[in-house]
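Protein chains in written order, with this note's numbering: chain A, 47 to 288; chain B, 26 to 250.
For the record, the hints were derived by calculation from the structure and aren't laboratory data.
Computed from a predicted model, the values in this text were never measured in an experiment.
Treat the hints with care, as some may be off.
Straight-line alpha carbon distances no greater than 27 Å define the calculated DSSO-like cross-link-like pairs of lysine-lysine that follow [to be verified]: (1) A:53 to A:253; (2) A:166 to A:253; (3) A:235 to A:53; (4) A:166 to B:239; (5) B:108 to A:171; (6) B:108 to B:185; (7) A:253 to A:235; (8) A:171 to A:235; (9) A:53 to B:239.
Listed next, the stretches of chain A that the computed footprint assigns to chain B, with coverage defined by at least 3 CB atoms under 8 Å from CB atoms of chain B [what the hints assert, rightly or not]: (10) 158-170; (11) 189-203.
A few chain B residues that don't get close to chain A, going by computed Cβ distances all over 10 Å [said to hold, decoys possible]: (12) 60; (13) 126; (14) 130; (15) 195; (16) 232; (17) 242.
Quick reminder that beta carbons are idealized off the backbone N, C-alpha and C, glycines included.
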Amino acid sequence: MADIVVKTEDVVKEYRMGSNILRALDGINIEIERGEYISLMGPSGSGKSTLFNMIGALDRPTEGQVYIDGQNMSQLSQRQIAAFRCHRVGYIFQSYNLLHVRSAHGNVTLPMIFAGMTEKQRNEKAEKLLDMVGLGDRMYHLPDELSGGQRQRVAIARALANDPSIILADEPTANLDTITGHEIIDLIKRLNIEQGVTVISATHDLKMLDVSDRIVDIRDGVVERVRNRDQIEIEIGEVGGE
Amino acid sequence: MQQRTPLEEQIDLPFVESLRISFQSLKIRFGRSIITTAGITLGIAFLVSVWTNNEIGLALQESGRQSTINTFEETTQTGISTKDIWLIIMSLIVCVVGIANSMLMAVTERFREIGTMKCLGALDGFVVRLFLLESGFQGFSGALIGALIGTLGAVLLGLKDYGLDLFFYFPLLPAQPEDGTARLGVIVVILLGCILGMILAVIGSSFPAWRAAKLPPAEAMRTEV
Ligand SMILES: Nc1ncnc2c1ncn2[C@@H]1O[C@H](COP(=O)(O)OP(=O)(O)OP(=O)(O)O)[C@@H](O)[C@H]1O
Ligand SMILES: [Mg+2]
Chain A
47 MADIVVKTED VVKEYRMGSN ILRALDGINI EIERGEYISL MGPSGSGKST LFNMIGALDR
107 PTEGQVYIDG QNMSQLSQRQ IAAFRCHRVG YIFQSYNLLH VRSAHGNVTL PMIFAGMTEK
167 QRNEKAEKLL DMVGLGDRMY HLPDELSGGQ RQRVAIARAL ANDPSIILAD EPTANLDTIT
227 GHEIIDLIKR LNIEQGVTVI SATHDLKMLD VSDRIVDIRD GVVERVRNRD QIEIEIGEVG
287 GE
Chain B
26 MQQRTPLEEQ IDLPFVESLR ISFQSLKIRF GRSIITTAGI TLGIAFLVSV WTNNEIGLAL
86 QESGRQSTIN TFEETTQTGI STKDIWLIIM SLIVCVVGIA NSMLMAVTER FREIGTMKCL
146 GALDGFVVRL FLLESGFQGF SGALIGALIG TLGAVLLGLK DYGLDLFFYF PLLPAQPEDG
206 TARLGVIVVI LLGCILGMIL AVIGSSFPAW RAAKLPPAEA MRTEV
């Protein structure tokens with residue numbers, strides 16, 4: 047039996063701007079299995095980030111439900127939602143969203159402070175994680191002193207701080223050059239395979255395709271189609287053969 | 026294997042941890058912190074100088090001394106003149122608006138940081154506490170410096186007007202002269218200035234911080250400054 051981590055049920059999100067209502071998501075139904083690497087694809091403005099925010103409890107749907115681990119997110123208290131964000135999910139953003147007042151190390155330890163870990167535990171874990179993403183020698187640099195790729199590595203290390211079961215990555219490579227982007231994708235894929243973390247990544251970057259188990263195509267706030275890995279490989283083959 | 030127990034409740038941070046985070050933030054953003062604090066310092070310095078100047082004027086009239094230079098009508102009257110009340114109210118308004126503005130600016134440019142902290146598991150209460158601590162500290166230190174600068178300014182002005190007599194009749198402590206009016210004395214004015222500066226800074230910062238903390242993180246992180 048499939049182990050469903052994320053399930054959305056008729057999720058609608060409307061943004062109100064004055065008298066205009068914009069339907070960014072128009073009834074999204076998806077199920078994501080534990081350990082999957084899912085890419086949300088679609089043109090700019092199709093609603094990828096909006097869906098990402100719904101799944102990560104960063105915003106509330108206007109209608110519909112989001113279930114994570116079978117838990118209906120709309121029924122959680124404020125404290126439970128904070129704990130959910132702290133322990134279950136690791137967020138990676140296009141613009142890194144590091145706290146610029148804290149060093150790489152300080153950024154990675156912050157979620158662990160919120161989780162109530164002791165200073166000793168935090169330091170050990172932060173060093174381990176920063177080593178893993180290849181920043182062992184840049185630990186006490188401020189984000190402003192790091193390159194884009196290095197900042198995204200810090201963000202990845204921070205996302206892993208409390209051993210989340212889900213990684214949500216919203217266009218993690220969009221601000222990076224091709225090679226650095228590849229390195230970041232490889233790093234995320236490694237976590238997916240080695241640690242069984244479920245990865246949900248929004249992208250319009252084709253190089254994300256060959257690491258994905260499934261691709262969800264989104265257009266105008268609805269799921270246009272869902273493609274499996276084998277279908278993807280055929281299509282890549284076709285493109286490559288031209 | 027990764028099946029988890031039902032969701033736990035997020036814990037509150039120990040106070041020292043909040044204190045540490047807020048001081049670190051003040052330290053690294055030192056340049057910006059100084060600018061915000063300077064806003065408070067200026068507002069309070071203006072208010073305290075006007076107010077202390079007024080106290081000095083009253084005390085010296087009380088003692089029968091006349092200003093050696095300044096013979097405006099108002100200064101020869103006993104009690105607080107309309108012009109002085111007007112000045113104090115004006116300086117109070119300038120002070121309130123100035124401080125509220127500089128705190129609001131300082132919080133608004135940190136909406137993204139607030140949203141990010143919430144992504145990492147911060148409770149709304151923690152966010153508010155962080156801003157309360159930071160602004161309380163900034164408010165107190167800024168207001169204290171401002172009050173001292175303001176007093177110094179008023180003393181220099183008084184020296185010009187009254188000469189060394191100023192120090193014989195300096196209204197340091199509260200007094201209750203015969204005409205029934207109450208004099209606060211400079212120490213109380215300084216104290217009030219400090220308290221006012223701190224309260225204004227704390228309200229001016231934690232109210233917008235509270236509003237930002239209430240926003241869903243996605244909204245808070247959208248704001249670009
Ligand atoms: N807070 C908001 N207020 C109003 N409209 C919004 C808001 N957030 C998103 N939208 C609108 O909702 C639609 C979907 O936006 P979304 O950011 O989800 O797109 P996206 O697929 O992530 O695009 P991109 O690839 O450019 O990041 C867009 O039309 C956008 O203008
Ligand atoms: Mg987007």
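Each hint tested on the structure:
1. A:53 to A:253: Given that 27 Å is the threshold and the Cα spacing comes to 26 Å, the pair holds.
2. A:166 to A:253: It is violated: about 39 Å lies between the C-alpha atoms, which goes past 27 Å.
3. A:235 to A:53: Holds: residue 235 of chain A and residue 53 of chain A sit about 22 Å apart, inside 27 Å.
4. A:166 to B:239: Answer violated: residue 166 of chain A to residue 239 of chain B is near 32 Å, above 27 Å.
5. B:108 to A:171: violated (65 Å)
6. B:108 to B:185: holds (20 Å)
7. A:253 to A:235: With a Cα-Cα distance of about 12 Å, the restraint between residue 253 of chain A and residue 235 of chain A holds, given a limit of 27 Å.
8. A:171 to A:235: Holds. Residue 171 of chain A to residue 235 of chain A sits at ~21 Å (cutoff 27 Å).
9. A:53 to B:239: With Cα atoms ~26 Å apart, residue 53 of chain A and residue 239 of chain B stay inside 27 Å; holds.
10. 158-170: That given contact holds, which follows from 4 residues of the stretch 158-170 of chain A lying within Cβ reach (below 8 Å) of chain B.
11. 189-203: violated (count 0)
12. 60: The claim stands: residue 60 of chain B keeps its Cβ more than 10 Å from every Cβ of chain A (closest is about 15 Å).
13. 126: holds (22 Å)
14. 130: holds (17 Å)
15. 195: The claim holds: residue 195 of chain B sits with its nearest Cβ about 44 Å from chain A, beyond 10 Å.
16. 232: holds (19 Å)
17. 242: Residue 242 of chain B is in fact no farther than 10 Å from some Cβ atom of chain A, at 5 Å.
Hints 2, 4, 5, 11, 17, counting from the list given before, are not met by this structure.
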